[in-house]
Every structure is written in structure tokens, then in C-alpha cells.
Amino acid sequence: MSGPPGIQEAREARRAGIITPGRKRAFFAIMVLVGLALPLAVYPVFLMNVLCMALFASAFNLLLGYTGLLSFGHAAFLGSAGYVAGHVLKAWGWPPELGLLAGTVVATLLGVVIGGLAIRRSGIYFAMITLGFAQMLYFLAVQLPFTGGEDGLQGIPRGTLFGLVPLDQPLPLYYVVYAVFLLGFFVVYRTIHSPFGHVLRSIRENEPRALSLGYDVDRYKLVAFVISAGLSGLAGATKALVLQFATLTDAHWHKSGEVVLMTLLGGMGTVMGPSVGALVVVTMDNYLSGVGDWVTVIIGSVFVAGVLAFRRGLVGEALHLARHFPF
Amino acid sequence: MQALYGQLLVGLINGSFYALLSLGLAVIFGLVNVVNFAHGALYMTGAFVAWFGLSQLGIGYWPALLLSPLAVGVLGMVVERTMLRRLYQLDNLYGLLLTFGLTLIVEGLFHHAYGNSGNSYPVPEALQGGANLGFMFLPRYRAWVVLVSLVVCFGSWFVIERTRLGAYLRAGTENPRLLQAFGVNVPLMMTLTFGFGVALAGFAGVMAAPIYQVSPSMGSALIIVVFAVVVVGGMGSILGSIVTGLGLGLVEGLTKYFYPPAASTVVFAIMAVVLLLRPAGLFGREA
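For the record, the sequence lines run as chains A and B.
Number 481 in our numbering belongs to position 268 of the first sequence; there are no gaps in the numbering.
Number 1416 in our numbering belongs to position 22 of the second sequence; there are no gaps in the numbering.
Chain A extracted, bound-state conformation:
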């Protein structure tokens, strides 16, 4: 095994000189600028939704793409952070920056507990355990009084960031969410490209060898899991701030599956893949909302097609094409 097919493409592309440090810098610069200009042309709430899910998927990819751990319960972090942020903003009247912080901290702590238990098993069991704990949290969210049960939390106030930026207007809110996304994306990027990230990759490629080289594999897995959970929480809290509600949907196992789909579709183990996948899936959700139950069928079909025929993902395929038709 040499990792998911997406990452093999990325490696080949680097070897073939398609990805160079200069091009990478140029690409990121363009991406940042496009992100700054985009709300002038596209509906900001849609964009913010995409950004939140892109951050969520990037955080998830840190586990699946780079550590080789399939978590099937990441909705637990997205959902609970949304509830916590919503609650402290609405019931306790905290300012938005503390709301985001509270959501992130709670998701991080949950990551320590769930991750600490789940890494005791590997492979397929890891997926089942994370799914189980996420379901447990879902049931708690249904029962606990502060979550509002089936109705969820509605009408979460956005407030004023640091007492300066009024978040009730769409553009300031967009740029704050964009900054949050870039911050989270940067954390993932730095983690992947640090010595720590290389150890994670070695665990994915060959865990026994990493162990025999003296790395405390469980510790690395746990730290990766906690970073991923925390950033998923940041995404969930931001989403609650943007949409002004937190509901059971974000804690449901469908959401855990959706983030897997985003990562798979964009290209697992590639830096940009999850964000591209998030854009596609959120757009799909948006435009298909009128067709009712067919959304589930279509999402499922995309899933099946992705697994059977499209394992490199969009970014992986693009790199593959670029290698065969060099520009």
C-alpha cells in the first residue's frame, strides 16, 4: 500500500514537475484573492456554508487521507460544537469570538475522549467505534434539555466580533468566516507538511514499521484525531453562527457520511481535494433540495460511483490529466 490513489497522483505530479513550489504559491495566492472577491458575485450565505464544510472536510482528511483512519462519526464534533456555540451565544449572551472558542474547545475535549477510546482498535473497528459514539451523542442531543430536541436551537444571535465587527451584515460576516476557514486550512496544511505530518503518513503506509522505528504510534494518532476534532468543531461553531441555528441534522450519521463523500469525491490525501468535494456536495444539496428523498438516492449513487470508478477524486483526476497532457 502506498496510500490512497489521490495522494499517489499528487506524488507523481510533484515528481513530474507539475506541482512546483512556485506554482503552489501562485495557486494559493489566486485562491485567496478569488475567495476575497467571490461574495461580490455569489450569494454569501451559500459561500459561507461551503467554507464551513470545506474546513470540516479538510480536518477530516487529516485523519482519513494522511493518517489512514476512517472516522465514521465526525458529525459528533460538528454537531456538538454547533450546539455549544449556539447555547453560549443565545442563552448566556457570550460574544461571537468566545462562542466559536467554546464550540472548538468542547469538540476538542470530545476528540480526546472518543479518540482515546477509538484508537485502541484499528481499521474497520475504528470506523464502527467512532460511528457508535457519534450515535450516542446524537441520542444525547435528542434528550438533553438545552439542545431543543427535535426543533434544535433557533435564532442564535450573531453579535459583534471583538466588539468591533458587526456580524449582522453579510459582507463582514463573510470575511470573518473566510478568515476562520483560512486559519483552519493553514493549521491542516502546516500539520501535513510538518515532521509530525510525515510521521502520520508513515503510520498510514506501514504502522508496524513506524512503531518499530520508535514512534509512539498511538500518541500520534490521538493528536491527529484531536486536531481533526477541534477543527471540525470550529467548522460546526462557525456554521451555527452563520446559519443562526443548530439542529440534529449536523449530528446525524448522514452528516458523517457526507464528509466522507466530500473527501472521497475531491480526492482523499490531497490538500485541495476536500474543499473541492465540499463545494460539489454543498452545491448538489442546494440545487437538489427540491427533489425530496431523491437527494439521498443521488448522494448514495455518487458515493457508489466514487468508490467503484473514481477513487482518485476530482483533484487526483485533474493531476492525472495534467501529467498526461502537460501544460
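These aren't lab readings, by the way, just hints derived from the structure by calculation.
Quick reminder that beta carbons are idealized off the backbone N, C-alpha and C, glycines included.
Hints should not be assumed to be uniformly reliable.
Here are a few chain A residues that face chain B, going by a calculated C-beta distance under 10 Å [claimed, not checked]:
#: 1; residue: Leu277
#: 2; residue: Ser502
#: 3; residue: Gly503
#: 4; residue: Asp506
#: 5; residue: Trp507
#: 6; residue: Val508
#: 7; residue: Thr509
#: 8; residue: Val515
Beyond 12 Å from chain B on every Cβ pair, some chain A residues (computed) [claimed, not checked]:
#: 9; residue: Arg227
#: 10; residue: Ala254
#: 11; residue: Phe339
#: 12; residue: Thr404
#: 13; residue: Arg414
#: 14; residue: Ser415
#: 15; residue: His537
Dock chain B against the given chain A, drawing on the hints supplied.
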């Protein structure tokens, strides 16, 4: 006391379904090395086939008990032949993802066709009524479910552990290539095993139809609990998954009596404790 016995019976029935489903998962995982997420969806399909047969075609409970698992089994074999087979050389995570996608498709289709509400399925005439045991009332159908589940579970255990066919199956689990070198048609065996495993799910679905409402979402909630059961028991042993399934069902029933709010989460809490004390699972072999 009445209520306690009642909850214990409910627990025993839930446990029978956990046992049937986790048994099928374990058999499939053993030979085919796939964790079948669609197991719950196929259980639901089994219940729907029985319901559809009765309400549209006039096929009763007894033929459905045979036809429905057959239909689900054939569906499973088609899926195995056309899709799962392509993923065997890859990481087994892809098998889980594929069956997850199939779950969404199946559930979405049923939701579209039959809505969210449940459909009731009558208890067959021969099993209506019940017996007063003195300390509680025992509905005949429920006793039947527990009994038949036990018979099917132990029958499967006997076939797998004590017969020649079972020996092939276990050999395939240990070393499929070597078995193939001996002239056994392993790919066919895998198809049939997958078919048998999901047929068990279809069978459980028919059994469940008169007890629970037949609804499109009856499978997915169940399958996640069954996964937890599998983690607690470990997929290493057939007998282990049967005992764990029944045991956890009983614990759930007891929780429903003593502290109802925790009933839906107790299995996951037990999973956490088992992971702390015995990470390989109660009957697990791998570390």
C-alpha cells in the same frame, strides 16, 4: 415486577435481532472481509418484501419467511458479483464505503415510495394470542421470535463449526488462496456466503415485521447498535456474537426498566467500557 419481565422480554427480542444481524455481519466479514453497512437496509428490505407480499399479492407470513430472505439474498449476491468484487484487492474501508452508499440509495428509494410513516404487519393467525405464565403474559409471537432466532443462530453455528461445508468456510477465512489451490471455487463461495449473510438480515426483517412498524428507517438505527454489539463481542467467534447480541439486548431491557433515559445509549456506554478493559472485544482474537 410485571413491567420488569415485560422489559426483559423486549430486551430478549431485541437481543435476538442483534444476534441474527451480528451473526450475518461476522460470517460476511470472516470470508469476504467486508463490513456490510447495508445490512440494516437489507433487514428493512426483508420486512418490506414481506409487507408488500401480504398487502399487494396476498402472500402470507409463512411463505414470506422463506421468500423474503431468498429475495434479499439474491439481491445481495448481485451486489457482490457486480460491485463488491471489484474492491477485494483494495483496503477493506472501500467495501464499507460502497455499502454505505448502497444504504443511502435503498433507504432513499423506500422513503420516496412509502414515506416516513410505519406500516403495520399483522401477526400470523397461528401465533396470535398468548399464554399467562402466572408472573407475566407471554404473547405467542414473541416467544416464537426468540425461539426461532435461537434455532437459526445455533443452526448456523453448527453448520460453520461442525460440518464439512463449514470447514471450507473457515479455511477460506484463514487462507483463501491455499483453499483455492485445493480446487475449491472460492469466488463462488464468497458470493454464496455474502448471499447467506444478507439473507439472515432479510429473515430477521420478516420476523421483525409484526413486532415493529415496517418503515424505511427501521434498519439504519438498528445497524449502528449492531456495530457496537460487534465491537463489544469481537467478530472472531460465531458463538461470541450470538451471546453478545442476546446479552446486550437484555441489558438494554433492564436499563429501560431501571433508568429509561439511558436505554438508547447504554450499549454505546458498554462499548466504551469494553474498549477500556478489553480492547479486542469479549470474544475477540485479534489485538
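Structure-based check of all given hints:
Interface restraint check: Leu277 of chain A against chain B, minimum CB-CB distance 8 Å, threshold 10 Å, status holds. Given hint, Ser502 of chain A at the interface with chain B, is violated; its Cβ is 14 Å from that chain's nearest Cβ, farther than 10 Å. Restraint check, Gly503 of chain A versus chain B: the minimum CB separation of about 14 Å is more than 10 Å; hint violated. Hint on Asp506 of chain A holds. Least Cβ distance to chain B is approximately 4 Å, under the 10 Å limit.
The interface hint given for Trp507 of chain A holds, since its Cβ lies 6 Å from the closest Cβ of chain B, which is under the 10 Å cut-off. For Val508 of chain A, the suggested interface contact is upheld, since its CB lies about 7 Å from the closest CB of chain B, less than 10 Å. About 3 Å separates the beta-carbon of Thr509 of chain A from the nearest beta-carbon of chain B, less than 10 Å, and the hint is met. Given hint, Val515 of chain A at the interface with chain B, holds; its Cβ is 8 Å from that chain's nearest Cβ, closer than 10 Å.
At the 12 Å boundary, the C-beta of Arg227 of chain A stays outside the reach of chain B, the nearest C-beta of that chain being 23 Å off. At roughly 33 Å, the least C-beta separation between Ala254 of chain A and chain B is larger than 12 Å, which holds for a residue marked as non-interface. Listed as outside the interface, Phe339 of chain A is inconsistent with that label: its C-beta sits roughly 10 Å from the nearest C-beta of chain B, within the 12 Å cut-off. For Thr404 of chain A, the condition that its CB be more than 12 Å from all CB atoms of chain B holds, with the nearest at approximately 22 Å.
For Arg414 of chain A, the non-interface assignment is confirmed: its Cβ lies about 15 Å from the closest Cβ of chain B, beyond the 12 Å cut-off. Listed as a non-interface residue, Ser415 of chain A keeps its Cβ farther than 12 Å from every Cβ of chain B; the least gap is roughly 17 Å. The Cβ of His537 of chain A lies farther than 12 Å from every Cβ of chain B, with a closest approach of about 23 Å, so its non-interface assignment holds.
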